[in-house]
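A.B. asks: Listed below are the residues making up each chain.
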Amino acid sequence: MSPRNRILGYVRGATASRPRVPHPGRFDGRFLAGDDRPPMERFAEQFTASGGEVERFVDTEAAVRWLGEFTRGYESVTVGVTVPGRLRPALPSTCPDLAPLGVSAAVAAVAETGSLVLDARDGRRTQLLAPTHVVFVREQDIHETLVGAMVTLQPDLPSAVGLHSGPSKSADIGQILVRGVHGPGRIVAAVIGEAGPV
Amino acid sequence: MSERSRPSDYGAESARIVRDDPGMRTSITGAVRSKHEKRQAAWAEIDAEAWRDWARDVKTHVLTHLDRYLPQAEDALLRNGVKVHWAETAAQACDVVTRIAADHGARRVVKAKSMLTEEIGLNESLERAGLEVRETDLGEYIIQLLDEPPSHIVGPSLHRSLEDCRRLFHDRFGTPLDASPETLAATARRILRDDFLQADMGVSGANFLAADTGTIALIENEGNIRISTSIPPVHVAVVGIEKLVPKFEDLAGLIQLTARSATGQAIGNYVSLIQGPRRPGERDGPDEVHVVFVDNGRTRLLADEHAWEVLRCVRCGACLNSCPVYRQTGGHAYGWAYSGPIGAILAPGILGLEAAMPLPFASSLCGACAEVCPVRIPIPELLVYWRERAVEEGLTPTVDGVAMKVWAALAEHPGAFGVASDVVGALPLEGAGRKLPVLRGWMGERAAPVPSPERFLNTSSRKEEGT
Amino acid sequence: MPYSDAASARLSDERGGDAPRSPTRVAFFATCLADRFFADACADAVRILEHLGVAVDVPDGQTCCGQPAYNAGHRAEATRMARQTAKAFAAADHVVLPSGSCAGMIRSFYPSLLRAAKSGAPGLAPRAHELSSFLVHELGVLGPDWRDHEGDPPRIGAGLEGVGVVYHHGCHALRELGVHDEPVALLRACGADVVPWGGDTECCGFGGLFSTKFPEVSSGMADRKLDALPPDIDFVTSADGGCLLQLSGRARHLAREDGAQAPSASPTPRTSNPAPGFVHLATLLRRGLGA
Numbered sequence: 001m002s003p004r005n006r007i008l009g010y011v012r013g014a015t016a017s018r019p020r021v022p023h024p025g026r027f028d029g030r031f032l033a034g035d036d037r038p039p040m041e042r043f044a045e046q047f048t049a050s051g052g053e054v055e056r057f058v059d060t061e062a063a064v065r066w067l068g069e070f071t072r073g074y075e076s077v078t079v080g081v082t083v084p085g086r087l088r089p090a091l092p093s094t095c096p097d098l099a100p101l102g103v104s105a106a107v108a109a110v111a112e113t114g115s116l117v118l119d120a121r122d123g124r125r126t127q128l129l130a131p132t133h134v135v136f137v138r139e140q141d142i143h144e145t146l147v148g149a150m151v152t153l154q155p156d157l158p159s160a161v162g163l164h165s166g167p168s169k170s171a172d173i174g175q176i177l178v179r180g181v182h183g184p185g186r187i188v189a190a191v192i193g194e195a196g197p198v
Numbered sequence: 001m002s003e004r005s006r007p008s009d010y011g012a013e014s015a016r017i018v019r020d021d022p023g024m025r026t027s028i029t030g031a032v033r034s035k036h037e038k039r040q041a042a043w044a045e046i047d048a049e050a051w052r053d054w055a056r057d058v059k060t061h062v063l064t065h066l067d068r069y070l071p072q073a074e075d076a077l078l079r080n081g082v083k084v085h086w087a088e089t090a091a092q093a094c095d096v097v098t099r100i101a102a103d104h105g106a107r108r109v110v111k112a113k114s115m116l117t118e119e120i121g122l123n124e125s126l127e128r129a130g131l132e133v134r135e136t137d138l139g140e141y142i143i144q145l146l147d148e149p150p151s152h153i154v155g156p157s158l159h160r161s162l163e164d165c166r167r168l169f170h171d172r173f174g175t176p177l178d179a180s181p182e183t184l185a186a187t188a189r190r191i192l193r194d195d196f197l198q199a200d201m202g203v204s205g206a207n208f209l210a211a212d213t214g215t216i217a218l219i220e221n222e223g224n225i226r227i228s229t230s231i232p233p234v235h236v237a238v239v240g241i242e243k244l245v246p247k248f249e250d251l252a253g254l255i256q257l258t259a260r261s262a263t264g265q266a267i268g269n270y271v272s273l274i275q276g277p278r279r280p281g282e283r284d285g286p287d288e289v290h291v292v293f294v295d296n297g298r299t300r301l302l303a304d305e306h307a308w309e310v311l312r313c314v315r316c317g318a319c320l321n322s323c324p325v326y327r328q329t330g331g332h333a334y335g336w337a338y339s340g341p342i343g344a345i346l347a348p349g350i351l352g353l354e355a356a357m358p359l360p361f362a363s364s365l366c367g368a369c370a371e372v373c374p375v376r377i378p379i380p381e382l383l384v385y386w387r388e389r390a391v392e393e394g395l396t397p398t399v400d401g402v403a404m405k406v407w408a409a410l411a412e413h414p415g416a417f418g419v420a421s422d423v424v425g426a427l428p429l430e431g432a433g434r435k436l437p438v439l440r441g442w443m444g445e446r447a448a449p450v451p452s453p454e455r456f457l458n459t460s461s462r463k464e465e466g467t
Numbered sequence: 001m002p003y004s005d006a007a008s009a010r011l012s013d014e015r016g017g018d019a020p021r022s023p024t025r026v027a028f029f030a031t032c033l034a035d036r037f038f039a040d041a042c043a044d045a046v047r048i049l050e051h052l053g054v055a056v057d058v059p060d061g062q063t064c065c066g067q068p069a070y071n072a073g074h075r076a077e078a079t080r081m082a083r084q085t086a087k088a089f090a091a092a093d094h095v096v097l098p099s100g101s102c103a104g105m106i107r108s109f110y111p112s113l114l115r116a117a118k119s120g121a122p123g124l125a126p127r128a129h130e131l132s133s134f135l136v137h138e139l140g141v142l143g144p145d146w147r148d149h150e151g152d153p154p155r156i157g158a159g160l161e162g163v164g165v166v167y168h169h170g171c172h173a174l175r176e177l178g179v180h181d182e183p184v185a186l187l188r189a190c191g192a193d194v195v196p197w198g199g200d201t202e203c204c205g206f207g208g209l210f211s212t213k214f215p216e217v218s219s220g221m222a223d224r225k226l227d228a229l230p231p232d233i234d235f236v237t238s239a240d241g242g243c244l245l246q247l248s249g250r251a252r253h254l255a256r257e258d259g260a261q262a263p264s265a266s267p268t269p270r271t272s273n274p275a276p277g278f279v280h281l282a283t284l285l286r287r288g289l290g291a
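Residue numbers (the numbering used here), protein chains in the order written: chain L, 1 to 198; chain F, 1 to 467; chain C, 1 to 291.
No lab work stands behind these hints: they were computed from the structure.
One or more of the hints may lead you astray.
To be verified - Just so you have them, the derived chain L footprint on chain F, three or more residues with Cβ under 8 Å:
1. 28-41
2. 55-65
3. 135-142
4. 331-338
5. 450-460
What the hints assert, rightly or not - In silico BS3-like cross-links for lysine-lysine, where the CA-CA straight-line distance does not exceed 30 Å:
6. F/Lys83 x F/Lys38
7. F/Lys435 x C/Lys213
8. F/Lys83 x F/Lys247
9. F/Lys405 x C/Lys87
10. F/Lys405 x C/Lys213
The beta-carbon is built from N, C-alpha and C at its ideal position, and this holds for glycine as well.
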């Protein structure tokens, strides 16, 4: 008998005599204090509390202008596949492992956890290897809860989803916080307010 | 590989650390207290009892239906193009991973932190097969350089101070002895970046695995897990069979609960939700993803009438952070991968009760752990359960059993019990205590208790006679 | 004396009208450890109850609640001792103990140990009470709204005016019985200054036989508590004699060591001052009530 069948056999034997307990239903994750603020505000508060930065733009025009300023001083960039043309910096493109800056597009964000939802289809290396990471997301794609975001994602999952909720950090060196080992030490959530494709 | 202690060494190891290594206690206590306080603050914001009830019920549901969910998970994984393997023992699991590496001609492996891989001894196994294994979590990297076992489930190097790290990096990489933490981190980042890019295979564990979508969920703050599972061409996930959750959406609650319990965060800064290998049209990701389902004593635990509840554990480490016994020594004294309260109740199932001794006894049963467990594992009750099993199986000193029978016999005869208690009061405890089998343990560290000149029950019965 | 009259008066108010009748007679379970090492505290506890108008029986058949056996995994022996204890107290409507550990043992574990009890009489568990819990909840000495005035409870005595104490919360009283505010409120209600103590709810390291099996770890746990003691307090007190033996035993040992040897290399300071006194809660409350 294969290990698989033996293990499943043991599991069947073990569960046979124990009363089965029903699923408790969807997680409702209640907080003690209600929060009526719009998702954008709650997202910004969580994301910055974790060490991330938030820039807010009323429309794509404003984001493009900001991007031009922001990328001054960078010599090259790696850009995610799904980042629209207007938001691709006017810099030479280079390998993700050499670029000082990465620019990605998030498919969604989550307010209660301060998370950006990144899709493998945009390109994982771009999301992970450059020391500075800019992520564009639409304000309308900010979900209130993580469970709500996940229910929306489920029908069309890529090979991997990454929830990025702040810069890379570690306190493993003597309990002192350091950033940027190993993911980006600086992450900017660039939130665009207008409806329609980014 | 340096000599590692085993659970049976707990008595001697704990004594040695408390006596000879006061720095260890200070480091551990400072680190866990901070984690515990953050956990308390994070739980104070939420409807804690409701969250814990939900988490307990989700995990209990999946464990009582594991016969259904495991095959369901396998189907989902296979549909996603993931290769699925099964291993009954630690040795089998190591063989599977070694074979996958050999099949790909892999030479260099990068590891994301995984307690299960510690449990099964994977690194040693791969190294024996001639592979170069690099831990990429900063804390795991540090203890790999030091050739030490992990001291804590979440923070493996928390027993090591900044000074220790400075000295280590100076010796290995020539950084200055007063290098800042940022410099040390940048050094590690640079070295490990090369390893990530050159690696043939990435190995991870799994925090959870959703049975409906086959999603492997991993929580971290550094990003090394995302990188290890994205860049090398092969990703192998080693997954305990108890890691299953019923549905993709259930991951939301468990991820948040685990993060709040482990570090006090709303969520880890990086969460990976992995469905399988790179898909057509995606520009990167591994070409192959493997899942190795590992038993290694879990089915035996699942069959145990009482101990099966330990399988709800989400490996948050909150019990370690609240434990007044753990903080005296850190994890090394426990002699295996999992320390603290969870280590003590898991060991008899994974290692067998005899090999796990005396861990179930290495607790004062204070109950602080049960107060913080997010999935409501009744840890003190399970410690007592394993103690009962140890007594039944003759694993405790004979003199303890004899003493207990004598005590019980006396207790059933109040007159004789009273006489015995009078005798205790008359003994020169300070002197004789050092020779008596049980009291000897007391006397080395504490002054003998001073008996009252007359027992209360003697005086109260005399008083009644007099009235 | 005026304040103890106030406590009695509150009891009378409690007994009137629709309020449930307070107990008028209890059995006292000394517990083997307190009987041998805290005989005065046992006498003090009885005296407090009598002072508050409760008649106290001390049944002969009492010996040991069985907790050390139970915690060490000797379930059969624990069951024998539980049977003996249940038999000794079978006739009592209320049983009061000067021990959170023993009360916790009875309330938490006797139901499963004595599942086979045939008599049909209510088990011992719901009838057993730790002393401070009994005073506050069954006798109502602080009145019904005492939690609203937790920091400044209604006065029931003046005997602890000017006395500074720290309270050690024994693990079983705290986590098995849920007793936390009661003893502190009672001390304050007698005029005591209950001083904040970092780690006051952390385990002292006694744990019964744990203290002898792993003495270094156990003592380390005691050190953590002793090192955090605030200066200039008169007493360390607790509802548990085992904890007091552990803490006082360690404190006296350190005091001896510091006198006889060079200081250890430990970076943490050691409490070597033999003061404060380590005293059972019952002894302080008797003084506080003027009983």
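A.B. asks: Against this structure, judge whether each hint is valid.
C.D. replies: Hints, verified against the model:
{"no.": "1", "hint": "28-41", "in the structure": "holds (count 3)"}
{"no.": "2", "hint": "55-65", "in the structure": "holds (count 7)"}
{"no.": "3", "hint": "135-142", "in the structure": "holds (count 5)"}
{"no.": "4", "hint": "331-338", "in the structure": "violated (count 0)"}
{"no.": "5", "hint": "450-460", "in the structure": "violated (count 0)"}
{"no.": "6", "hint": "F/Lys83 x F/Lys38", "in the structure": "violated (39 Å)"}
{"no.": "7", "hint": "F/Lys435 x C/Lys213", "in the structure": "holds (15 Å)"}
{"no.": "8", "hint": "F/Lys83 x F/Lys247", "in the structure": "holds (20 Å)"}
{"no.": "9", "hint": "F/Lys405 x C/Lys87", "in the structure": "holds (19 Å)"}
{"no.": "10", "hint": "F/Lys405 x C/Lys213", "in the structure": "holds (19 Å)"}
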